[in-house]
Each structure stands twice: as structure tokens, then as C-alpha cells.
Amino acid sequence: MGAHHFHPPGHGHSALHRAPAGLKLAGALALVLTVVLLPRSQVTGLLMVAVILAGLFVVSRIHLLFLLKRMLLLEPLVLGVAGLMLFQPGGGKIFAVVMLKANLCLLTTVLLANTTPFTELVRVLQRLRVPWLFVTTLTLMHRYLFVLADEAERMRRARASRTFTRGRRFQWQTLSSVVGQLFVRASERAERIYNAMCARGWK
Amino acid sequence: MNAIEITNLKYRYHDGTEALRGISFRVLPGECIALLGPNGSGKSTLLLHLNGLLPDKLSGDGAVKIYGEPVAAQNLENIRRQVGLVFQDPDDQLFCPTVAEDVAFGPQQLGLGETEIAARVKKSLAQVGLAGFENRATHHLSHGEKRRACLAGVMACEPAVLVLDEPTSDLDPRGRREFKAMLRTLPATKLIATHDLELAVELCARTIILDHGQIIADGRTVELLSDEKLMLAHGLERPHILHHLHPH
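Respectively, the protein sequence lines represent chains A and B. Basically our numbering = 1-based index in the first sequence + 2. Basically our numbering = 1-based index in the second sequence + 56.
There may be inaccurate statements among the hints.
Each pair of labels, with its calculated beta carbon distance range [to be verified]: (1) 129/A x 251/B: 40 to 48 Å; (2) 175/B x 129/A: 20 to 28 Å; (3) 183/A x 71/B: 16 to 24 Å.
Since the hints were made in silico from the structure, they are not lab data. Heads up, the beta-carbon is just placed ideally off N, CA and C, and yes, glycines get one too.
Hey, can you work out the whole structure from these sequences and the hints?
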């Protein structure tokens, strides 16, 4: 099942996993703010944050390879932003610092996300009185991400089983039609979910 | 008083498809009725009407009444409290992250207190055989478990009428058997749209056959389902189980 790929392995086995979600969220926020607010010249400060994160990583007992894979997934975004720095004078050093900062933030969120169940994070947001519309949207998004991913995987498989040519152009065409189909299906499902919510008294 | 009373119900979709062409029937409290018919015969559309889920149909024309109360915009809350709808795809219905939260959704919307909600969650999970599943993630359940969780979510609102849309489709034989046994224990009035003819024979004394948006037949299940000509004419068949009920 495709959906299970989203789930962190070794769920709930370390001290970091067991720590209260509110504490972790506050800690992560503090770390990210520190990284963002530190001036570029304060590389030692950034390195200290890096040491803290490395310590947390060891405590969390997440596999290094798993962590790197997660980081790599989001690296294009980081590179895209940091890459722009290369176009200004003296950009090399700025690029390096921005890369460091962005990766530290990324590492913080990856650690948080993989040691804290999403539902607990949502509950913390609820307690902090984050607007209910936002919390509900977030909850529904998380819930149906798996359904959608499974659906996409089933459609991809069904297409692949009847795809006999290997032309790249054809593959792109296939992909675009899968994406389109997925969009239609998702909006139809949204309609049905809304009905189901109404049926149980949603106002 | 009738639990459900439908008088000359007509419905046309936006694209012009006539889904229902003058449906009329009555259901007494406590009855268990099978709604049979080929794909596209209007079964699901009919079920949506019982909960006022087709917004353009809420003019209050009195075509659908639940315990004497017409389904109309101003009393939707009460109608939905009385009629529990279990949808075809469990993933549409289980929209909360955990089983307990999902079952609690209905009672929360009813504005019940926390202790009452907790009690109802516990009771309805036990009713469907999912005691101890409270903290399980809804997307990690098996298909059969999802079906049960859906039913628990609806039972927690304690509806007088239970409406199920193909409750046993996609279940393995054991899942189907267990689901049927559980349905039998629920005291509510039941209207079950299904292709599972064995379910109709085992659970429902009365059957309504729908085709092209019209009621073709309404009568005792065993009699209707034994009528091979009638069954074949409407995309159905005489179920095997009847041979065992009446050995030659």
C-alpha cells in the first residue's frame, strides 16, 4: 500500500518520540526562529544549532539514510532559493550560509515531523486556538493525502500495465492525463465527503 | 406512523438525466427492507433524498417524510438526526484521523457533553465489534474494519432509521458474514441498497426493486427473488440460497 510509505519507521521508540508534542513544536519553532534571526556573520551560532540538532537526531534513533532521503526530497526547493544568491557580488559565501540556514530549518522540521504523529500536532494547534477552519482543513488534507496517493498509485499501475511503448513524450502525456483524472476524482470525492459530513450533522 | 413515507418522488440531475420518476412507498418502524436494482437504477439517488443531501430538492414539497416530518431545508438537522446514512465508500465517510474521533463526530455535532460522547463512542464501537480500536488511524484499517467504523459513526448518533448503501460490497466472505450478523442485531428500521441477494434473503423480509428510476416490484423478498423472469429482466438473478430454503 502506497500510503504506508508516508509513515515514519521506528514510531514511538525514543525519548524524543515520547516527548509531549507541544514541547516539541515550541522547541522546533524556537530553533527555526534562532536560525532565521541570526545574522550571517554568526556562523558559530549556526554551528551550535547544528550540534543541538545532531544531538536530537541521535536521541531520536531515526536511521541516517531515512533522514537523508527526506532531506533530499526537499533539497531542490532549498537549492532554488539559495541558488539565486549566487547572482550577486560575493554570492559564494552568502550562498553557503543560506544553504546552511535553510538546511538547519529543514532538519528541524523533518525531525519534528518524524517523531510526532500528525494528529498530536493538530491537537496542539487546536489547544493554541488556531482558527478551526485552518485546523479542519489541515486534518482533512492529512487524512486524504493517503487516499489520493493510493488512488494515484492504482491509476499509474493500471496505465503502466497497458503501456507498451516507452517513448518519453508518451509518458508525459500519460502523466498529464493521470494528474487531470486525479483532480477530477479528488473534487468528486470532496463532494461525497461533504455529503457524509452533512449526514452526521455538520453545520 | 410510518418511519419513511415517500410519495411520487421525482428527481432530475442537472445534465437532464431522469434519476427518479415517481417513486412511492412506505416503511413501518422496525422493518428491514432491501432495495435492489441494476447499476444506475436510482438507488443511491433515492438514499440521498432520505437525508436531504440534494440541495435543489429542499423546497419542502413533502415527497419524502420521516416520521411524518417532511424533508425540507428548515428541519434538516432533525431529519439527519433521525436518519443515519452509511455511504458506499468508507473512505468518504471516515474523514477524521482516528477511529474514536470519527465516531465522536456525529455526537459532537449534536452538541452532547463530553462524558456522553465518550459513552456513545464506546457503546457503538462495541456494537460493531471494534472495541479497542479507538486510537487506530482510520486510513490503516482493513476494508471490513472501515465499514464497521463507518457504521459505528452513524450508530453513535442513535438514528431511528438506518440507511445503508451497498454495505457488503468489497468485503471478503467472512467480512460479509460477520457484517450481516452484526446488522441483524441493530434494532433500527433499515433500508439497505444492495447487490448482495443473499443479504436480502437473510436479513430483509421485504424487498423493493428499482429500475430506470421506477419501482418495479415491492413485496416479500422470498417471493420476488424466486420470480426468475422478473429478476433477469432487471439485471438481477435468482440467488442460490433460495434453493436451500426450499429444497426440491
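query = For which of the previously enumerated hints does the structure constitute a violation, in increasing order of number?
reply = Result: no hint breaks.
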